[in-house]
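Residue numbers (the numbering used here), protein chains in the order written: chain E, 1 to 197; chain A, 198 to 388; chain X, 389 to 591.
Worth flagging that the hints you see were computed from the coordinates, not collected in a lab. We treat Cβ as the ideally placed atom computed from N, Cα and C, and that holds for glycine. Where hints are given, some of them may not hold.
[Claimed, not checked] Simulated pairs of lysine-lysine, DSBU-like, Cα-Cα distance not exceeding 30 Å:
#1 Lys229(A) / Lys562(X)
#2 Lys61(E) / Lys129(E)
#3 Lys562(X) / Lys132(E)
[Said to hold, decoys possible] Under 8 Å between C-beta atoms, here's a sample of chain E residues computed to sit facing chain X:
#4 Arg26
#5 Val27
#6 Cys140
Residue strings, one per chain:
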Amino acid sequence: MREISKLVLVLSLICGISAAALTIVRVSLEERIDMQNDFYVRGPALEQLFQKPANDVLKNKIAFAIDDITYPIFYMTDGDMITGLAIEAPGRGGYAGDIIIMMGIDTEAEKIIGLEIIQHSETPGVGSKVEKVSFRKQWCNLGISESFELRTHGGIIDAISGATYSSNAVVDGTNRVKSIINDHLDEIESLIQANLD
Amino acid sequence: MDLLLLAIGAIFVNNILLAQYLGNCPFCGVSKKLSTSVGMGLAVIFVATLASIFTWFAYHYILKPYNMEFIRTLAFILIIAALVQFVEIFLKKQSKTLFNALGIYLPLITTNCAVMGITLLNIKYEFNFIEVIVFSAASAAGFTIAIILFAGLRERLIIAPVPKAMQGTAIALVTAGIMSMAFLGFTGMVK
Amino acid sequence: MSYKKVLLHGLWQDLPPFRLVLGLCPALAVTASIENGLGMGLAATFVLIFSNMLISMLRNIIPDQVRIACFIVLIATLVVIVEMVMKAYFFPLSQQLGIYIPLIVVNCIILGRAEAFASRNPVLLSMADGLSIGIGFTLSLSLVGSIREILGAGTWFGIPLFGSNFEPFEFMIKAPGAFLCLGILLGLMNAYSRKRGESIIQT
Chain E
1 MREISKLVLV LSLICGISAA ALTIVRVSLE ERIDMQNDFY VRGPALEQLF
51 QKPANDVLKN KIAFAIDDIT YPIFYMTDGD MITGLAIEAP GRGGYAGDII
101 IMMGIDTEAE KIIGLEIIQH SETPGVGSKV EKVSFRKQWC NLGISESFEL
151 RTHGGIIDAI SGATYSSNAV VDGTNRVKSI INDHLDEIES LIQANLD
Chain A
198 MDLLLLAIGA IFVNNILLAQ YLGNCPFCGV SKKLSTSVGM GLAVIFVATL
248 ASIFTWFAYH YILKPYNMEF IRTLAFILII AALVQFVEIF LKKQSKTLFN
298 ALGIYLPLIT TNCAVMGITL LNIKYEFNFI EVIVFSAASA AGFTIAIILF
348 AGLRERLIIA PVPKAMQGTA IALVTAGIMS MAFLGFTGMV K
Chain X
389 MSYKKVLLHG LWQDLPPFRL VLGLCPALAV TASIENGLGM GLAATFVLIF
439 SNMLISMLRN IIPDQVRIAC FIVLIATLVV IVEMVMKAYF FPLSQQLGIY
489 IPLIVVNCII LGRAEAFASR NPVLLSMADG LSIGIGFTLS LSLVGSIREI
539 LGAGTWFGIP LFGSNFEPFE FMIKAPGAFL CLGILLGLMN AYSRKRGESI
589 IQT
């Protein structure tokens, strides 16, 4: 009996110490990891959308939660005016999981600046073609009240041939962004104002 | 249809041993005889499928809700180690024949990167539950096919006049390279 | 055993993964470029040194029956720390190494050294062993990485070496190239050992 209690004691002691050590490391590095993640994963997309160095945009970040999903939102300002938003959203229904997209919106002209793909695990050479400029530029300069649908569903977006799932997932992501803008723009703007002050 | 493609892709195109390099230690270690490699292969199929199911549940229902994804490595290896231990005890009690066939390979599996690798890939590709079962069983089957074919080749190699310096692991690795080249031929079969 | 002997044995006598045929997966998987090989080698070295240290410190406390479980917990903890540190400071490298960083947990070299050396020897000696094996492993991975990157992509650390007319031998950065490169290096090493009259250990 003493043997067994010793075994259990030592094992749980080691596990406890490990857990404590990991928590400490996690807490002290968490912020840096998030920053790195933003810089390398979202940075290039933000540079494309806003034509500004990533470091200028990355700090202008808020998180907007709705229906259990948190959407990271980056913003550009001119004085007190919000001039542009970049909203990241998951596009559901990809061939291999979600496709994370980021859509840039010019809030003054109420139209789309551009669309970037942040992350996907689609098949290389097929679904991965959603990254192509020729596909993504179909959204450029569209108004934010337009509806995005594939041509096969009566819309104006040309799907990538052979990759309907992937194309659909991107469309889904862009529609999420659109509905956030249409339904919650005021809340987002007040969040940003609070962040600015 | 998609599941079938997933399975074929995992067995042939992205063969876990020859294209993703996972599980090479047992690949070189226990492939000297056909019979041992069959035992090892079956044990890997069994444990990898079970481990994938358990780790998938642990990840999606425990780690993720509590924002603990960062300790998945620790959690997964503990689940695999505990599972292997449990399977060993269970087999010993319930099925003597199965235990005799797989028993000695089970402890080796804890540190088999193929099993750990499959559980990590399940998370990376964001599979759902059914895909997890298909993918892990198919990947492990790919491992088994590769190790059995390889053992057959190695049994032949014994009687081949190999240069002294290349004998043993060296020629085994070169053989594996040629096999891997053959498997590369499957690329493009599944999109 | 003297420190000098322990410090040197990982560099030739027990050089992983060639003489000590363990840890083949990372040696094959992440050596498509020298940068990845070097990064993986250093990450493994860090884990080796500290896992050897911790296990040697605790060797009298850990009961024999659960030692493997304890070793695995300690090693896994260190690997998770490495994972986080790499994400925080070497993000692009950590993305490239991908699942092969968590897979250091099941790298047989680390558990092998814990079992064969650290659980029987004092703390400093165990750390020296970890350092030696780790450096040996890093050098091997860098060597394989260099060969594969130079031949397969015509670059070294990403710097083009041969000018634009060079048609890279792409086969080398694919899977078969990894196996062939490692096998041929092992053969050359064996030939050299035989010439010096050393006995070859692996079978």
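Hints, one by one, checked against the model:
no.	hint	result
1	Lys229(A) / Lys562(X)	26 Å, holds
2	Lys61(E) / Lys129(E)	29 Å, holds
3	Lys562(X) / Lys132(E)	25 Å, holds
4	Arg26	6 Å, holds
5	Val27	10 Å, violated
6	Cys140	28 Å, violated
The structure is inconsistent with the numbered hints 5, 6, although it conforms to all the rest.
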